[in-house]
Each structure stands twice: as C-alpha cells, then as structure tokens.
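Using the sequences and the accompanying hints, generate a full structural model.
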Amino acid sequence: METVEMNSVSLKRPRSEDDVANADEIKRQKILEKSKTGNDSGQSIETVTQQPEDTKNEIIPNEESEEQEEEELEDSDEDGDPESFADMMKHGLTESDVGITKFVSSHKGFSGILKERYSDFVVHEIGKDGRVSHLDDFSVPVDDEDPSEETFTVLSDEDKQRLEELQLFKNKETSVAIEVIEDTKEKRTIIHQAVKSLFPGLETKTEDRDGKKYIIAYHAAGKKALANPRKHSWPKSRGSYCHFVLYKENKDTMDAINVLSKFLRVKPNIFSYMGTKDKRAITVQEIAVLRITAQRLAHLNKCLMNFKLGNFSYKNHPLKLGELQGNHFTVVLRNITGTDDQIEQAMHSLREIGFINYYGMQRFGTTAVPTYQIGRAILQNNWNEVMDLILKPRPGAEKGYLVKCREEWAKTKDPAAALKKLPVKRCVEGQLLRGLLKYGMKNIISAFGIIPRNNRLMYIHSYQSYVWNNMVSKRIEEYGLRAVPGDLILKGATAVHIEEGDVDNYTIHDVVMPLPGFDVIYPKHKIGEAYKEMLAADNLDINNMRHKIRDYSLSGAYRKIIIRPQNVNWEVVAYDDPKIPLFTTDLDKLEGKPLPVLPTDGKFRALKMEFSLPPSTYATMAIREVLKMDTSIKNQTQLNTTWLR
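Under the UniProt record's numbering, the residue at position 338 of the sequence shown is numbered 338, and the numbers go up by one with no gaps.
Worth flagging that the hints you see were computed from the coordinates, not collected in a lab.
Keep in mind it's a predicted model, so treat the numbers as computed, not measured.
Among the hints, erroneous ones may be present.
What the hints assert, rightly or not - In silico lysine-lysine, DSSO-like type, Cα no more than 27 Å apart, as pairs:
1) Lys593 / Lys302
2) Lys560 / Lys579
3) Lys213 / Lys262
4) Lys213 / Lys187
Written out as structure tokens, the structure reads:
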C-alpha cells in the first residue's frame, strides 16, 4: 500500500534533567492554555493533543445523521486531559521498540521542527507517466451538453433537502413535487436538469395540479440507481470518467472523498485514486469520478473549505491504487540548530547514499498496544489474545469514551454494556463488540471478521513490518553498507542470492530483504537464521506461513533496504515570524500571492528540502536520517520544542 502518512514531528535535542524539571510547571500551563484557547498557529502540539477540527463548512445544510455525529466525536477530544498527555505518552513506542535503530550517514545530528505548521509539508503525487501533479488550471472543458449555471441555483434549500431524502430513501415518500413558480418551458427544463444532474437516480416528469405546473421527482430504478449514475444522460462522445487534480489542506484522502460525495450526493465508491495522502499536510493528487461533470465539480470550489479542484479532463478509465511512481515532497524544518557544514553533509548523504527504508512509526500505532502485537496473535491463531489486546484497558493517550468502554469491558466482559459506553461505533473496538454481540464470545473469529478486511490485514502487515525493521537493523549491523554473498537481489520480480563471484557487480542499493511469508526466500547468511529465530520466539514457523483462514496467510514480499531519493534539493533560509509561510503553494500561485519577503539575518533558520520517493516509503524515515533523531511521539513529548518557550 502506498504510504505518505506522517504525524507532526517536533525534533529537538533533549535538555538536561534539571532543565526538564525546572520547565515542568511552565509546560503544564502552556499545554493547558492551548487546550482552552485552541491553537490556530498550526504548531505541532495541535496534532499531539488532537484539538477539535472545524468541519462546519463540510456538512450539507440541515443534514443530521449518526455518521456525522460520529465524525464530530472522532474529531473531538473533550474527555482528554492535556496536563497528563506527556505522562501518558511514556507508555507509547519508541523507534527502538519497532527495530528502527541504525543510520547510514556519518554526520552529526541537529535539531529542527517538522510540521510546526501543516503547510510546512507539501506532497505532490507522481503519476505512472512520471508527471508530477499540480493544480494550475481552474478552467472547465467546454461542452455543449453541460447544463446552464442556473441549474445549481434554481432549487431552494428546502427542495434540495426533500430531494436528498427521497434520493437516499430516508423517508416513505415515493415522489417529491416542486411547484414551478414562473411557468415557462425554459424554467421547467432547468428544473428537470437540476434534479437529474444533482440527484443521480431520480427521474422527473411534469404534471398539472389544480391549474399549477409541478415537476415531480421519483426513483428511476430503485436503490441501485444511486450507486450507478444514470447512463443515458451521459454523452457517448465524452469519456465516462472526469479526472481532476485535488488540492487539499489538513484532510486525508478518504475524508476528502467523503466530503465530495456528500456535496455531490453520490456514493464514495464512484471515486478512484492512485494513493492515499497524509492529513497533516498540503497534498496534490489526481482523482477520477464516474459520470460527474467537470462543471459540477468546479462548482464545489465555491462552497468547500480547504479543498480546490481543477485541471479537469474526461477519460475512459478510472484510476487504480498503486498506479503511481511515487510522491514529490517539499518540507520545511524550522528552527534548525545545525551548522552550514552539518546541513551540507546531511543533505549530500541523503542525495548520494539515501536512508534505511524502515517502516515508519505510524505503521505500528501510537498507543501502549502496538498493532504488530495484535497481528502476531492473529498469526498464532490466538483469538482470545486478539480480543483482549483490542479491548482491554491500556495506559496512554486515548479518547475518554474509549477509556470508559475499555473499563466496562474489563469489569463485565459484556459486549452490550461496553458498546453502550461507545458513541462512535465505527472504530475497531465498536466493530469487534458488535461482532461479539452478534456471534457470541465463543466465535471470536466471526466477530473479528466484522471489522473491514483492510483494517484486519493492517495488523498482520504491521507484524511483517516489525520483523522486517528488526532484520534490516541486524543486517546493517552485521555487514554494513555493502552487498555480501548470500544477500538477495531482484531480477525482474524474482529474488536470487548473490554468489561469491558476483558480489562486486552489486551495491547496497540493489539489496532487498523479505517480509516473512510462504512465497519468499531468505538470505543465505546469518540474517536468514535470524529470521527463523525471531519467528520461533513468537511461536511461529517460518516454513509454514499459511493460516487456516486464507485472508491471514502471508505470501510475503521483498523490499529494498536502502532508498536513494530523487530530485533532492535544499536551501537554508532565515525568518523572524514562525507563522510566515516559507514557500508558495499551487493555490498561492493561482491566486497570485507573492512569497513573503524574508530577512537576510532573521531570528530563526529553516531548512527547505525537496525530494521524490517511490510508493510505500516513509518520508519520516528520510527526515530522520537528516536530523538523526527519534521520530516517535513518545520521544517528541520529552523534547524541547518552541511551543514550550
């Protein structure tokens, strides 16, 4: 799966114990003040404490649903205690807990703040043709088939509400009648077009009632019509898919798709994309949607916050996950302490050697129960342990309603009672409890199966990643940064061992390591044995990675151990105001915003970096190599960051 996820990372060199003790009371006050007043500066503490997110501009007027209430609860953290957050995070993971222990460069590390503002981290998708996605055109393809602009304004808010309820089968009505106030053929035509284009699945007809003209909207083909936009209304000469560039700020890809689908009143599954992008960032990627016009999509630019859509075109194909070459990152590390020489050494090393292709911390979760432990229990077929790990009380930072749910579970082992404590039912805990309620405590496998497949597989993939990280650290410790006999390299899609006579033909950049599974081979040196020993210690047989439940059988895969980023560039700039942007985005350029004039000798220094990475690599690990700092949240909460001053 393609990954560009990144949590806010604030990386500074640790203070002495005395400094920490003296600053403790100040820190508590600062965090408490931020939790009361909000933190619109975008500094890193905002992400760590999960302040409520403003979604008021992303909800259809008057729409009330359980789903929206759950989203609001998920975005809020009213039950959290900000004063104890740092203490709670002591139970979280550090990099060494998940096998991330080595560096490849020899420079001395330095301090910097990553994602002090989410706009300090920009991701541009690189398509399969090597083209970098940019938002640089708001124009809509000219099409005589498109309805007039009046289509979007002719219906009242009340009409739209009634039509939406009809479209989504939210009431028992079989039709909705809209009175034509100014009765002309042109006006009736516009209303017909508006209903059909804004509410896929509905048909219309004109009726006379008591001397008045009404447009009657009704269902054309039952519930299937909502999932499949009407085919007959789409011109044959036009490609079935509208491709567009989505520019978004501080939202992940699935959240963005859900918002777009709500405004367009369609199912989210008619959208397709090549990869999911991070939330706490500005990201630019290509999206395709089935039979929605560019005109309708462009209209959303007038009513959506933190999204912009552009670069529209019609094509005959959707997009597929994984069809991209990678992502191009533009990153600002603020308040850096490194000397010019340190920075030059670090960036030259990143460009020439690269970084260890570890799976980043977000792969393993942020609480005291790492996802890889649940994955290991699944592979061991220990379903009581799986249930216990997901539902038992755990130390660390969690939302208040989850804490209450876990406490109820520990006390009663009653899924119904625990579920009552949980207003958000779509979380993994809620889904498992619903499964236990349905299938009973003696059928945990079926209960666990209620959790969406991708979420279930995430656990076992996390275990694979945990093994891979540990084995790569051992490999580098044992043999360094050179290819050795017994290492694995890929010839096409096939892994082969490096033989003694061929070793000089390969470098460390050719070497791959396996994620454990039934369809991979292992190195023919000490690390091959280390794989067997690690899995044996976890009561797993490396020669039998097939599970009695097919979904949980691991075929394995190969992953390069060193990644050398492409298109690496950097610049050190001075600045005075921590809130000032240090580069222009695609949207800034479209809106003609100039880059702020920066002082030649400011109070602070920042490192602006650009680099391109292939799919399934973690930008955090590239930045870790530059700074030589632990990127875990546990470590971050114990480091000196600017918001504490």
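Do the hints match the structure? See the list:
1. Lys593 / Lys302: It holds: about 19 Å lies between the C-alpha atoms, which stays within 27 Å.
2. Lys560 / Lys579: The hint is violated at about 38 Å.
3. Lys213 / Lys262: Between Lys213 and Lys262 the Cα gap is close to 30 Å, so the pair fails against 27 Å, i.e. violated.
4. Lys213 / Lys187: Since the Cα atoms of Lys213 and Lys187 sit roughly 11 Å apart, the hinted pair holds (cutoff 27 Å).
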